[in-house]
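Produce the entire structure from the sequences given, and follow the hints as far as they go.
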Amino acid sequence: MAVEDKLETEREVPAVPTSARALTVVPLKYPGRWVLAIVILVLLALLVRAFVVADIDYAAVVEYLTVPGILEGVRNTLLLLLLSMALGLVLGVLTAVMRQSPNPVLRWVGGGYVWLFRGTPLLVQLLIWFNLAIIFNTFTIPGLVSMPMNTLMTPFLAALLGLGINEGAYISEIVRGGILSVDHGQREAASAIGMPRAKIMRRIVLPQAMRVIIPPLGNEFIACLKFTSLAYTISFSELLHSANKIYTANFKVIELLFTVTIWYLALTTVFSVLQQMLEDRLGRSAPGSRPSFARRLRKNLALRRTA
Amino acid sequence: MSKQLIVHAEQVTKSFGDLEILKGIDLQVFRGEVLCIIGPSGSGKSTFLRCINHLEKIDGGRLSVNGSLVGYRQNGDRLYELRDKDVCRERANIGMVFQHFNLFGHKTALENVIEGPVQVKGISKKKATEQGMALLDRVGLGSRAHAYPYAMSGGQQQRVAIARALAMEPQLMLFDEPTSSLDPELVGEVLDVMKDLASSGMTMVVVTHEMGFAREVADGIVFIDNGCVVERGQPHDVLGNPQEERTRAFLSAVL
Numbered sequence: 001m002a003v004e005d006k007l008e009t010e011r012e013v014p015a016v017p018t019s020a021r022a023l024t025v026v027p028l029k030y031p032g033r034w035v036l037a038i039v040i041l042v043l044l045a046l047l048v049r050a051f052v053v054a055d056i057d058y059a060a061v062v063e064y065l066t067v068p069g070i071l072e073g074v075r076n077t078l079l080l081l082l083l084s085m086a087l088g089l090v091l092g093v094l095t096a097v098m099r100q101s102p103n104p105v106l107r108w109v110g111g112g113y114v115w116l117f118r119g120t121p122l123l124v125q126l127l128i129w130f131n132l133a134i135i136f137n138t139f140t141i142p143g144l145v146s147m148p149m150n151t152l153m154t155p156f157l158a159a160l161l162g163l164g165i166n167e168g169a170y171i172s173e174i175v176r177g178g179i180l181s182v183d184h185g186q187r188e189a190a191s192a193i194g195m196p197r198a199k200i201m202r203r204i205v206l207p208q209a210m211r212v213i214i215p216p217l218g219n220e221f222i223a224c225l226k227f228t229s230l231a232y233t234i235s236f237s238e239l240l241h242s243a244n245k246i247y248t249a250n251f252k253v254i255e256l257l258f259t260v261t262i263w264y265l266a267l268t269t270v271f272s273v274l275q276q277m278l279e280d281r282l283g284r285s286a287p288g289s290r291p292s293f294a295r296r297l298r299k300n301l302a303l304r305r306t307a
Numbered sequence: 001m002s003k004q005l006i007v008h009a010e011q012v013t014k015s016f017g018d019l020e021i022l023k024g025i026d027l028q029v030f031r032g033e034v035l036c037i038i039g040p041s042g043s044g045k046s047t048f049l050r051c052i053n054h055l056e057k058i059d060g061g062r063l064s065v066n067g068s069l070v071g072y073r074q075n076g077d078r079l080y081e082l083r084d085k086d087v088c089r090e091r092a093n094i095g096m097v098f099q100h101f102n103l104f105g106h107k108t109a110l111e112n113v114i115e116g117p118v119q120v121k122g123i124s125k126k127k128a129t130e131q132g133m134a135l136l137d138r139v140g141l142g143s144r145a146h147a148y149p150y151a152m153s154g155g156q157q158q159r160v161a162i163a164r165a166l167a168m169e170p171q172l173m174l175f176d177e178p179t180s181s182l183d184p185e186l187v188g189e190v191l192d193v194m195k196d197l198a199s200s201g202m203t204m205v206v207v208t209h210e211m212g213f214a215r216e217v218a219d220g221i222v223f224i225d226n227g228c229v230v231e232r233g234q235p236h237d238v239l240g241n242p243q244e245e246r247t248r249a250f251l252s253a254v255l
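Which chain is which? The protein sequence lines are A and B, in order. Number 144 in my numbering belongs to position 144 of the first sequence; there are no gaps in the numbering. Number 109 in my numbering belongs to position 109 of the second sequence; there are no gaps in the numbering.
Check the hints yourself; a few may be wrong.
Unchecked claim - Below 25 angstroms or equal to it, Euclidean Cα-Cα: the simulated DSS-like pairs (lysine-lysine) are:
no., chain 1, residue 1, chain 2, residue 2
1, B, K126, A, K199
2, B, K57, A, K199
3, B, K57, B, K23
4, B, K85, B, K57
5, A, K199, B, K85
6, A, K199, B, K107
7, B, K121, A, K199
8, A, K199, B, K125
9, B, K126, B, K107
10, B, K107, B, K121
11, A, K199, B, K127
12, B, K125, B, K107
13, B, K127, B, K107
14, A, K226, A, K199
15, B, K126, B, K3
16, A, K245, A, K226
17, B, K85, B, K121
18, B, K125, B, K85
Claimed, not checked - Derived list of chain A stretches under chain B, where covered just means 3 residues or more per stretch with a C-beta under 8 angstroms from a C-beta of chain B:
no., segment
19, 179 to 191
20, 195 to 201
No lab work stands behind these hints: they were computed from the structure. Heads up, the beta-carbon is just placed ideally off N, CA and C, and yes, glycines get one too.
Below you can see the structure in the form of structure tokens.
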């Protein structure tokens, strides 16, 4: 009892003759943050200076952004990206579903596909596709087509198959994770109203897996955008290859590499924004879903205008 | 005297690995009857309920609903497993309500209710919506038709789950501890819906710990312990004057 009394008196607030309302809160100061910011600014300034004094023709960097050769590269990069991702998505979802199947044959086929294509470098896969004629020198569908593999396997097709099939293996793991994240009770409830297995997957499990799938899938999309540059090695004229064609002629190597960098950054930025908007849309049936990205953007812009 | 037999279990056994969960359950439920299954947790009562609509496969014995074997086709003395499609057709006639509601999280209350009629029975969306709204009104949730499950209380979710099961116009309703994961003040609203359902003549098998509900609504009570039916009878007999020692021990612990 005596000890408690003592503690009480020690904790007593000093008697200052002000009302509690008039007290001011003094925020804690963080001088270290200022020091850190200054150090980083100095380092950045040094870095910028190095770029400025270097022998780089910045006017050319900007100029080359929109020359036809580069624009064609951008177009080809986007085409390759979209088609590979489409192929990868189809393969990925199929494989993920196969790996959940009660049929052991399908499970093994799915597992083998992921093992093979996730376990070897994409660059090697691209080169093998491009040289497929060494193994199958003619492509034949009996009664329909028969043509030399060399004619069929253009750089574009090799790049598309290489990227798409490789993406499929990664995407299947993403989708599988999404499927596993859906509570088993959802499947039981759907079974209980008499839904067949395939429909349960399509209407109940996959839609709910989407919220878990979309963020890593966005990552995969952006990674794939950058992986398209590997098609350079099999001389498909995507963005990097187009730049290469120009700088081997005029030796503006670093300028064109900067041009290409700006394009890649711009594209990844656009896709990040699209991904955010998609996530917001899918978040509608979730608790604590925040206002959509578009709405937040409008709100922020409106605030800035009134300020 | 021709009471229609809806659920007929004969010597049903079920094991998970080496663990024998059901050790030969015999049980009958007639049309319009409400049977409550009580017993300690781990006794196998939920497993037995899940066997009735083939969410669990039985290992031995015979289990039929409304005259047709669940999940199997009998030919002579052999039972052949049915294909997924055929099992689905049988399940569509049996409604089930789960302890954790299991409402489809990406669908509103109404969408949950019409999913089965539209996707399984092939009823038009317009007609299913009309019937769905009527069912939601019946469970007192007409005004919450467009709410998502996360925005509803446990009691409301469970009532939607009951409406979802009823939307299939089942001949039999199974309830797997429907109030066990509810806050105490929400239990009443769900039991009221179930009482209403019982008085409308629905055949129901209810696994429950709600002895008050069992006493008031059930036509029969079965006490299951350790995978066996220990005692069965009228509610006032089993609950008021249990004959078996194990029943007495269980009841004195829960009442």
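Hints, verified against the model:
no.: 1; hint: B:K126 <-> A:K199; result: holds (21 angstroms)
no.: 2; hint: B:K57 <-> A:K199; result: holds (21 angstroms)
no.: 3; hint: B:K57 <-> B:K23; result: holds (14 angstroms)
no.: 4; hint: B:K85 <-> B:K57; result: holds (16 angstroms)
no.: 5; hint: A:K199 <-> B:K85; result: holds (11 angstroms)
no.: 6; hint: A:K199 <-> B:K107; result: holds (15 angstroms)
no.: 7; hint: B:K121 <-> A:K199; result: holds (13 angstroms)
no.: 8; hint: A:K199 <-> B:K125; result: holds (17 angstroms)
no.: 9; hint: B:K126 <-> B:K107; result: holds (17 angstroms)
no.: 10; hint: B:K107 <-> B:K121; result: holds (18 angstroms)
no.: 11; hint: A:K199 <-> B:K127; result: holds (21 angstroms)
no.: 12; hint: B:K125 <-> B:K107; result: holds (15 angstroms)
no.: 13; hint: B:K127 <-> B:K107; result: holds (18 angstroms)
no.: 14; hint: A:K226 <-> A:K199; result: violated (36 angstroms)
no.: 15; hint: B:K126 <-> B:K3; result: violated (37 angstroms)
no.: 16; hint: A:K245 <-> A:K226; result: holds (19 angstroms)
no.: 17; hint: B:K85 <-> B:K121; result: holds (13 angstroms)
no.: 18; hint: B:K125 <-> B:K85; result: holds (22 angstroms)
no.: 19; hint: 179 to 191; result: holds (count 7)
no.: 20; hint: 195 to 201; result: holds (count 4)
Taken one by one, the earlier hints fail for this structure at numbers 14, 15, listed in ascending order.
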